[in-house]
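**Q** Here are the chains, one letter per residue:
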Amino acid sequence: MATLRMNRRQILGWGGAAAGIALAGAPRSLLAQDTRIRMFWWGSKERADRTNQVNKLYEAAHQGVSINGETLGWPDYWPRLATQTAGRNAPDVIQMDYRYIVEYARRGALLPLDDFMPSVLKIEDFGKPAIDCGRVEGKLYGINLGNNSTAKVYDAETLQQIGAEEPKWDWSWSQWGDWSLKVAQASKRDGFWGIEDAGGIEPALDCWLRQKGKALYTADGKPGFDVAAMTEWFGFWHELRQKKAIPPADVQALDKQSPETSMLALGHTASIITNSNQLVAHQVLSKTKLKMTMQPSGGPGAKPGQYLKPSMLFSISARSQVAEEAARVINFYVTDPGAGKVLGVERGVPASKTLRDAVAPTLDELSRAMLDYISFITDKVGDLPPSPPKGAGEINFLLKRVNEQVGFGQAAPADAAKQFVDEANSILDRG
Amino acid sequence: MTIAVQASGRAERAKRGRRVTSSTLSGYLFLTPWLIGFIGLTAGPILVSLYLSFTDFDLLQDPRWIGAANYVRIATADPKFLSSMKVTFLFVLFAVPLKLAFALAVAMVLNKGIAGLPVYRALFYLPSLLGASVAIAVLWRQLFAGNGLVNQFLALFGIHGPSWISNPDYALSTLVVLSVWQFGSPMIIFLAGLRQIPRDLYEASAIDGAKRWHQFWRITLPLLTPVVFFNAVIQTIEAFKAFTPAFIISEGTGGPIDSTLFYTLYLYQEAFSNFRMGYASALAWVLVVIIALFTAFSFLSARYWVHYDD
Numbered sequence: 002m003a004t005l006r007m008n009r010r011q012i013l014g015w016g017g018a019a020a021g022i023a024l025a026g027a028p029r030s031l032l033a034q035d036t037r038i039r040m041f042w043w044g045s046k047e048r049a050d051r052t053n054q055v056n057k058l059y060e061a062a063h064q065g066v067s068i069n070g071e072t073l074g075w076p077d078y079w080p081r082l083a084t085q086t087a088g089r090n091a092p093d094v095i096q097m098d099y100r101y102i103v104e105y106a107r108r109g110a111l112l113p114l115d116d117f118m119p120s121v122l123k124i125e126d127f128g129k130p131a132i133d134c135g136r137v138e139g140k141l142y143g144i145n146l147g148n149n150s151t152a153k154v155y156d157a158e159t160l161q162q163i164g165a166e167e168p169k170w171d172w173s174w175s176q177w178g179d180w181s182l183k184v185a186q187a188s189k190r191d192g193f194w195g196i197e198d199a200g201g202i203e204p205a206l207d208c209w210l211r212q213k214g215k216a217l218y219t220a221d222g223k224p225g226f227d228v229a230a231m232t233e234w235f236g237f238w239h240e241l242r243q244k245k246a247i248p249p250a251d252v253q254a255l256d257k258q259s260p261e262t263s264m265l266a267l268g269h270t271a272s273i274i275t276n277s278n279q280l281v282a283h284q285v286l287s288k289t290k291l292k293m294t295m296q297p298s299g300g301p302g303a304k305p306g307q308y309l310k311p312s313m314l315f316s317i318s319a320r321s322q323v324a325e326e327a328a329r330v331i332n333f334y335v336t337d338p339g340a341g342k343v344l345g346v347e348r349g350v351p352a353s354k355t356l357r358d359a360v361a362p363t364l365d366e367l368s369r370a371m372l373d374y375i376s377f378i379t380d381k382v383g384d385l386p387p388s389p390p391k392g393a394g395e396i397n398f399l400l401k402r403v404n405e406q407v408g409f410g411q412a413a414p415a416d417a418a419k420q421f422v423d424e425a426n427s428i429l430d431r432g
Numbered sequence: 010m011t012i013a014v015q016a017s018g019r020a021e022r023a024k025r026g027r028r029v030t031s032s033t034l035s036g037y038l039f040l041t042p043w044l045i046g047f048i049g050l051t052a053g054p055i056l057v058s059l060y061l062s063f064t065d066f067d068l069l070q071d072p073r074w075i076g077a078a079n080y081v082r083i084a085t086a087d088p089k090f091l092s093s094m095k096v097t098f099l100f101v102l103f104a105v106p107l108k109l110a111f112a113l114a115v116a117m118v119l120n121k122g123i124a125g126l127p128v129y130r131a132l133f134y135l136p137s138l139l140g141a142s143v144a145i146a147v148l149w150r151q152l153f154a155g156n157g158l159v160n161q162f163l164a165l166f167g168i169h170g171p172s173w174i175s176n177p178d179y180a181l182s183t184l185v186v187l188s189v190w191q192f193g194s195p196m197i198i199f200l201a202g203l204r205q206i207p208r209d210l211y212e213a214s215a216i217d218g219a220k221r222w223h224q225f226w227r228i229t230l231p232l233l234t235p236v237v238f239f240n241a242v243i244q245t246i247e248a249f250k251a252f253t254p255a256f257i258i259s260e261g262t263g264g265p266i267d268s269t270l271f272y273t274l275y276l277y278q279e280a281f282s283n284f285r286m287g288y289a290s291a292l293a294w295v296l297v298v299i300i301a302l303f304t305a306f307s308f309l310s311a312r313y314w315v316h317y318d319d
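Listed in order, the protein sequences are those of chains A and B.
The numbers in this note's numbering rise by one with no breaks, and the one at position 307 of the first sequence is 308.
The numbers in this note's numbering rise by one with no breaks, and the one at position 151 of the second sequence is 160.
Treat each hint with caution, since some may be false.
Derived DEER-like restraints, expressed as beta-carbon distance ranges [stated by the list, open to error]:
1) L102(B) <-> K169(A): 26 to 36 Å
2) T85(B) <-> P119(A): 33 to 43 Å
3) D416(A) <-> V118(B): 21 to 31 Å
4) Y60(B) <-> R190(A): 54 to 64 Å
5) A413(A) <-> L302(B): 50 to 60 Å
6) L165(B) <-> R190(A): 14 to 24 Å
7) I168(B) <-> D416(A): 45 to 55 Å
8) K250(B) <-> A413(A): 31 to 41 Å
9) K121(B) <-> L286(A): 28 to 38 Å
10) D416(A) <-> S307(B): 39 to 49 Å
11) L135(B) <-> Q54(A): 50 to 60 Å
12) L138(B) <-> E366(A): 46 to 56 Å
13) A303(A) <-> T51(B): 54 to 64 Å
Since the hints were derived computationally from the structure, they do not count as laboratory data.
Note that the Cβ used here is the ideal one computed from N, Cα and C, for glycine as well.
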């Protein structure tokens with residue numbers, strides 16, 4: 002067998018040549034003194050396209066800054082963020098949710114942004130509520146990227162085709178239930194109903210509880226629901242299921258709480274409960290025209306069930322090395338008209354009035370509908386509740402599971418209600 | 010000439026005694042990349058996870074030592090531990106024997122020396138290459154959904170199938186079917202084992218009037234027991250560790266109603282969705298102990314039913 006004979010000089014020579022080739026192929030930023038900012042957000046492809054476009058706008062306007070964007074779907078986003086934070090490798094600009102910001106802020110994972118306020122973050126015209134929603138224990142940790150609220154998105158075109166009436170914004174829960182049965186009967190399709198089985202859907206429960214003067218969670222993190230309320234809740238959906246007015250349990254179980262698996266996208270219902278800023282995402286998945294209206298009302302004399310909330314916020318990692326530049330990027334997102342036109346209302350309606358006015362004329366029909374919806378409900382909503390306690394995410398899944406148990410006949414509504422309240426309490430106690 | 014060289018070599022080695030030879034050193038040097046990976050990516054994290062199992066660690070703050078509290082909770086106060094263990098046991102109980110049975114059956118058919126054997130072998134092996142992937146799990150979810158291909162096929166016969174993956178009675182079965190579909194890799198091993206059985210045993214028994222069933226039961230199976238043992242142990246361990254199919258098909262929920270909540274999926278939820286990494290580490294170590302017990306039991310029982318050829 003022939004052996005390769007090389008002396009030291011030759012090895013050094015070839016090694017140097019290889020290293021030189023590698024360096025030549027390296028990106029320019031390795032040698033240049035660019036400021037690299039890592040940004041992490043969750044969302045659909047629609048949101049990713051818009052965000053990347055805004056990042057390019059920022060890079061064009063600010064030489065020497067490059068923004069690396071990473072994105073994931075909602076279920077995978079939080080494990081990845083938690084792991085990166087644990088590994089001291091969190092991105093600089095982090096998209097935050099109202100539910101998690103308290104947990105991250107209290108544990109020192111986020112940077113307080115108060116010092117950037119008048120100089121870098123020019124957000125005074127947000128109004129106090131829209132700024133304070135990002136405060137935890139008095140310090141500002143997140144900048145409101147847009148307001149949204151829950152909504153009912155329905156398929157107006159299909160309803161017209163089958164001759165069913167369009168739902169009205171002030172219908173009560175039972176009116177929606179009756180309408181659902183009528184839609185099922187009017188439709189020639191098998192397995193099609195008006196509304197979904199919302200017994201396991203947390204925003205629906207939230208709205209319903211608030212209309213009765215209660216809430217999902219009290220200010221000190223205790224559950225605002227009791228066995229009596231939950232029995233009524235599970236019983237209501239159980240009855241609708243018996244009347245075959247809503248999808249049966251094994252159809253509803255296909256809904257994994259994402260736009261692609263919603264009952265609307267799967268063609269099983271004419272309407273779903275979702276967030277107002279996701280109208281775009283739902284329309285992309287639907288060949289027919291969609292419209293939006295409010296969640297069922299509590300009837301005359303009921304308190305408002307819905308509220309305006311920050312759909313998402315931008316925060317900065319506590320360990321970021323480029324905090325000031327990151328703050329400038331965030332400011333660009335929420336105040337620059339060019340960025341605003343690209344982002345539209347996909348992340349929610351901008352909190353800044355100047356930005357809203359600048360963006361409104363450029364919105365397409367769908368985005369216009371989202372903006373009008375928020376304007377329409379602004380005087381019909383209640384106050385923003387405090388951020389949910391730790392364990393709220395687990396209770397969200399618990400609700401779905403217990404509703405499925407009632408749906409599959411494994412538990413009666415009263416027993417399910419007791420089980421739900423007990424387990425929810427033990428989750429919250431565990432801390 | 011060679012004997013003299015050998016003698017002098019041995020003398021030299023005796024002189025040097027137990028000093029590390031240069032070939033040993035270069036052996037370790039070649040191993041170094043793998044050793045770094047093993048210690049850094051496998052052994053190290055395993056030890057850290059043992060430490061973490063005695064802490065309360067929510068990923069965002071530093072771990073806090075709490076002693077055996079996690080293990081106590083697993084043993085006494087965790088209904089989901091029991092339910093996920095039950096789901097996993099059910100899965101192992103059904104998937105492994107079925108898989109091995111299919112593998113052996115198909116291997117025996119292929120062993121008859123049919124035409125195009127390499128093609129069939131490759132075709133049957135293909136699923137086990139792709140099977141644990143995300144793509145196949147997504148495909149499976151589509152196949153078994155309410156209006157998926159399986160139900161469309163059944164509709165041809167007038168059968169109105171249920172929504173397999175969203176019905177708690179059937180969801181686990183779809184995962185069992187997915188696992189059994191990947192029988193290709195134990196099948197290849199069975200095929201190799203069958204090949205080693207001497208043909209004259211069959212001829213001799215045929216002369217003595219043995220029927221095919223007798224031949225299988227008295228010749229094939231006893232001589233195959235080492236292979237069966239190997240496949241059983243490996244497949245059982247794999248089944249206990251199954252994660253991707255359950256995760257994808259239930260979209261991380263273990264639903265409906267926790268009917269597909271595998272132990273590993275529960276572990277993942279505790280670690281990453283509920284920010285309880287310490288507790289999840291404890292769950293992981295409990296699984297290690299359970300698998301170790303199973304394997305030890307298998308090896309002990311092997312004495313009674315595995316016939317080695319010597």
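**Q** Confirm or reject each hint.
**A** Hint check:
1. Range check, L102(B) to K169(A): Cβ separation about 54 Å, and the 26 to 36 Å hint is violated.
2. Restraint check, T85(B) to P119(A): a C-beta distance of roughly 55 Å breaks the suggested window 33 to 43 Å.
3. Range check, D416(A) to V118(B): about 52 Å between beta-carbon atoms, so the 21 to 31 Å window is missed.
4. Restraint check, Y60(B) to R190(A): a C-beta distance of roughly 57 Å satisfies the suggested window 54 to 64 Å.
5. The supplied range of 50 to 60 Å is broken by A413(A) and L302(B), whose beta-carbon atoms lie about 40 Å from each other.
6. L165(B) and R190(A) have their C-beta atoms about 20 Å apart, which keeps the hinted 14 to 24 Å range intact.
7. For the hinted restraint 45 to 55 Å between I168(B) and D416(A), the CB-CB distance of approximately 34 Å leaves it violated.
8. Distance hint check for K250(B) and A413(A): the Cβ-Cβ separation is about 38 Å, which falls inside the suggested range of 31 to 41 Å.
9. In this structure the supplied range 28 to 38 Å is violated for K121(B) paired with L286(A), their Cβ-Cβ distance being about 51 Å.
10. Hint check: D416(A) to S307(B), Cβ distance near 42 Å, so the stated range 39 to 49 Å holds.
11. Roughly 42 Å separates the CB atoms of L135(B) and Q54(A), a value that falls outside the hinted 50 to 60 Å.
12. For the pair L138(B) and E366(A), the beta carbons lie near 48 Å from each other, so the given range of 46 to 56 Å is met.
13. Remark: the range hint 54 to 64 Å for A303(A) to T51(B) is upheld by a beta-carbon distance near 59 Å.
The structure fails hints 1, 2, 3, 5, 7, 9, 11 (numbered hints given earlier, in ascending order).
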